[in-house]
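**Student:** With chain E held as given, fit chain G onto it using these hints.
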Amino acid sequence: MISGFKTKHQPTGELQFVVEFILAPEKYAIDGSLVSEVLPLNNLTIIPGVPSFITGIMNIRGKITSIVNLKRFFNLKEKGLTALSKILVIKHQLMEFGIVTDEIIGINQLDIGSLSPPPVTLQGEGAGYILGVTPEGTILLDAVAILSDNALIINQK
Amino acid sequence: MKKSIRINTRNKLMIGFGLILLAIIITEVAIFIGILGIKKSQENMVLELQTTAQLTQVRSDENRIRAMMLEMILTKDRVKQESIQSEIKKRMDEVNHFMKNIRLVIEGYPEEQAKFDTIAGLMETYRENRILQLDIISQGKVEEALEFTKAKQNPVYEKIRQNILDLESVFQKKNEKIIAQNGSRVVFVLTLLIGMGILILAVALFFILKMLTLLKKIFTEIKSGIYILGTSAAEILTTVNEVSTGATETATAVSETTTTIEEIRQTALIAAQRAQSVLESSQRASEAAENGKESVERTIEGMERINQQMNMIAESVVKLAGQNRSIGEITASVNDIADQTNLLAVNAAIEAAKAGELGRGFTVVAQEIRSLAEQSKQATGQVREILAEIQKAVNLAVMATEQGTKAVEQGSNLASRSGEMIGILSESVNEAVQSVIQISASSQQQMAGMDQIAPAMGNIKQASEQNVVGTQQTLKAAQNLNELGQNLRKILEKYHV
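Protein sequences appear in the order of chains E and G.
Numbered continuously in the working numbering, the first sequence closes out at residue 157.
Numbered continuously in the working numbering, the second sequence closes out at residue 654.
In case anyone wonders, no lab produced these hints; they're calculated from the structure.
Incorrect hints may appear among the rest.
As the list claims (entries may be wrong) - Every beta carbon over 12 Å from chain G, so not counted as near; a handful from chain E, in silico:
id: 1; residue: E26
id: 2; residue: P51
id: 3; residue: N59
id: 4; residue: K71
id: 5; residue: E78
id: 6; residue: G113
id: 7; residue: A127
id: 8; residue: I130
id: 9; residue: G132
id: 10; residue: S148
What the hints assert, rightly or not - Result set (SDA-like, lysine to any residue): computed pairs, CA atoms no more than 20 Å apart in a straight line:
id: 11; chain 1: G; residue 1: K511; chain 2: E; residue 2: E14
id: 12; chain 1: G; residue 1: K511; chain 2: E; residue 2: E96
id: 13; chain 1: E; residue 1: K91; chain 2: G; residue 2: N504
id: 14; chain 1: G; residue 1: K246; chain 2: G; residue 2: N220
id: 15; chain 1: E; residue 1: K91; chain 2: G; residue 2: A505
id: 16; chain 1: G; residue 1: K534; chain 2: E; residue 2: L41
id: 17; chain 1: G; residue 1: K534; chain 2: E; residue 2: P40
id: 18; chain 1: G; residue 1: K511; chain 2: E; residue 2: L15
id: 19; chain 1: G; residue 1: K511; chain 2: E; residue 2: D142
id: 20; chain 1: G; residue 1: K534; chain 2: E; residue 2: S85
id: 21; chain 1: G; residue 1: K511; chain 2: E; residue 2: G32
id: 22; chain 1: E; residue 1: K27; chain 2: G; residue 2: N504
id: 23; chain 1: G; residue 1: K511; chain 2: E; residue 2: D111
id: 24; chain 1: G; residue 1: K511; chain 2: E; residue 2: I112
id: 25; chain 1: G; residue 1: K511; chain 2: E; residue 2: H92
id: 26; chain 1: G; residue 1: K549; chain 2: G; residue 2: G561
id: 27; chain 1: E; residue 1: K91; chain 2: G; residue 2: L500
id: 28; chain 1: G; residue 1: K534; chain 2: E; residue 2: T82
id: 29; chain 1: E; residue 1: K27; chain 2: G; residue 2: L500
Don't be surprised by glycine CBs; every beta carbon is placed ideally from N, CA and C.
Bound-form chain E, shown alone:
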């Protein structure tokens, strides 16, 4: 469902440019301005002695980048890594790391006004990373919150 810049919804307020992806079985979206690139998963190096949400590290154009598995945050069922898994690289100020996704859907524009707050049933560490849910059921993630999370920062060092 790549709608590109054409949106079916009547804009009721501010439109946000996002990149949509799938973390089985849910569809997620993240602020497109923070996304630096998408790339296939290869040359992943697994590091011992790190928290379980750090899948490993990758050399991306000569830069060592941490790869985070968000499924651990949202207590989602893991399929494991496959050759089809894609990495979504996000960057905010100095922080930069990759998120493991099952599939990259594409770019989109979301009506921020139509967002509903995250369901109370959603628990776990990742609860604080969600900005809201679209009427179509796409979960909009707070990329800045993720990037500024202390756990990740500590780990970065």
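**Tutor:** Showing chain G alone in chain E's frame:
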């Protein structure tokens, strides 16, 4: 048992008759001895009676001599004396003669002999005294002679007389004893006679009774034997009747057998002909078996060719599978490329979005590239599906070729086995041909045998006819035997014991 009884009976009879004979002999001997004894006793008695008479004579003679002596004494006449003297002498000779006889008789009897010797001694004394007296008389001395007689001669005479009387009485007693003995002998002999007679009678009676019993027994047995004879004769008659019937039946059977043999002969002929036709058809079968063998060999060759081609097919299929795999690999790399293209398009779109209004045209291009990448991905997906189907088909082909190879092997084996079977069949047919030849020969022999049997059956027929005649004669004989049995039974009933 019966034999021993019979022997016993015979022995008993023999013993019985022997006993009777022995008793008779013993009786005869006893009677003879008794009679001899009586005869001897009587002879003795006669002798003793004579002796007694002679003694009496001697006594009377001596008495006479004494009287004559007295007469002589008393007579004066010389002549008369002389005559008396001669008379005395005569008497004395007579006395001597008697004495001599008596002595002979009493020889062996000591009592009598002693007495006789005394008498003889006394008589000698008496005679010597008498001679002396005669001398006295001749001298004429009468007184003296008388005195002598009185004193000497008379006592001697008296003694002699007394002794003679004694001796006589002895003889008398002996005679009486002999008479008594004879009497007892007669009684003994008579008793013996009567006893033996009774004994013989008893034994004879016993044996006659025994014989009668035996006779009765024998008669009873003969009777039962005759009854059995009668029954047996009747049975024989029945049996002979049956045999006669049987002989007649045999004759009929022999006739039937002759007919049957003729039929068998015909059958043998037919069998020989059949054997010939079977021989021909089995030869044809043999040829067919040979043809079958060749066909099977050709089949096996064909099977081998099929096997080779199957192997070639298998190789081709394997090669096809390999090529399929390379196509798959190529498709995968195409897919990979499409994937990466897609990502690149997404990246381009993100960059275009970041660029704002300036990047709008680039966004469209990125969108187009993305859709091309999607299309090539879909195409590779279709290719992959097709390849999967091809793979399936190849797998099936591999399995089919394997099965085909196996089937060909089985077919080949079956064909070989058919070949063997046809070989066995061919052998069997050949054996059958041999058998048929033998059967043909056998049926020929059978026919020859039947030809020999025919005259033999004729002979048997004759024999059975003779048998019938013979049986009829036997029947007559059996009837006679039966009549004899019945007659014997009638006779037995008549003289029932």
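**Student:** None of the hints should be skipped; say for each whether it holds.
**Tutor:** Hints, verified against the model:
no. : hint             : result
1   : E26              : holds, 19 Å
2   : P51              : holds, 28 Å
3   : N59              : holds, 17 Å
4   : K71              : holds, 21 Å
5   : E78              : holds, 22 Å
6   : G113             : holds, 20 Å
7   : A127             : holds, 27 Å
8   : I130             : holds, 22 Å
9   : G132             : holds, 21 Å
10  : S148             : holds, 21 Å
11  : G/K511 to E/E14  : holds, 17 Å
12  : G/K511 to E/E96  : holds, 18 Å
13  : E/K91 to G/N504  : holds, 14 Å
14  : G/K246 to G/N220 : holds, 14 Å
15  : E/K91 to G/A505  : holds, 17 Å
16  : G/K534 to E/L41  : holds, 18 Å
17  : G/K534 to E/P40  : holds, 16 Å
18  : G/K511 to E/L15  : holds, 14 Å
19  : G/K511 to E/D142 : holds, 18 Å
20  : G/K534 to E/S85  : holds, 16 Å
21  : G/K511 to E/G32  : holds, 8 Å
22  : E/K27 to G/N504  : holds, 19 Å
23  : G/K511 to E/D111 : holds, 18 Å
24  : G/K511 to E/I112 : holds, 18 Å
25  : G/K511 to E/H92  : holds, 14 Å
26  : G/K549 to G/G561 : holds, 18 Å
27  : E/K91 to G/L500  : holds, 18 Å
28  : G/K534 to E/T82  : holds, 18 Å
29  : E/K27 to G/L500  : holds, 18 Å
The structure agrees with every numbered hint stated previously.
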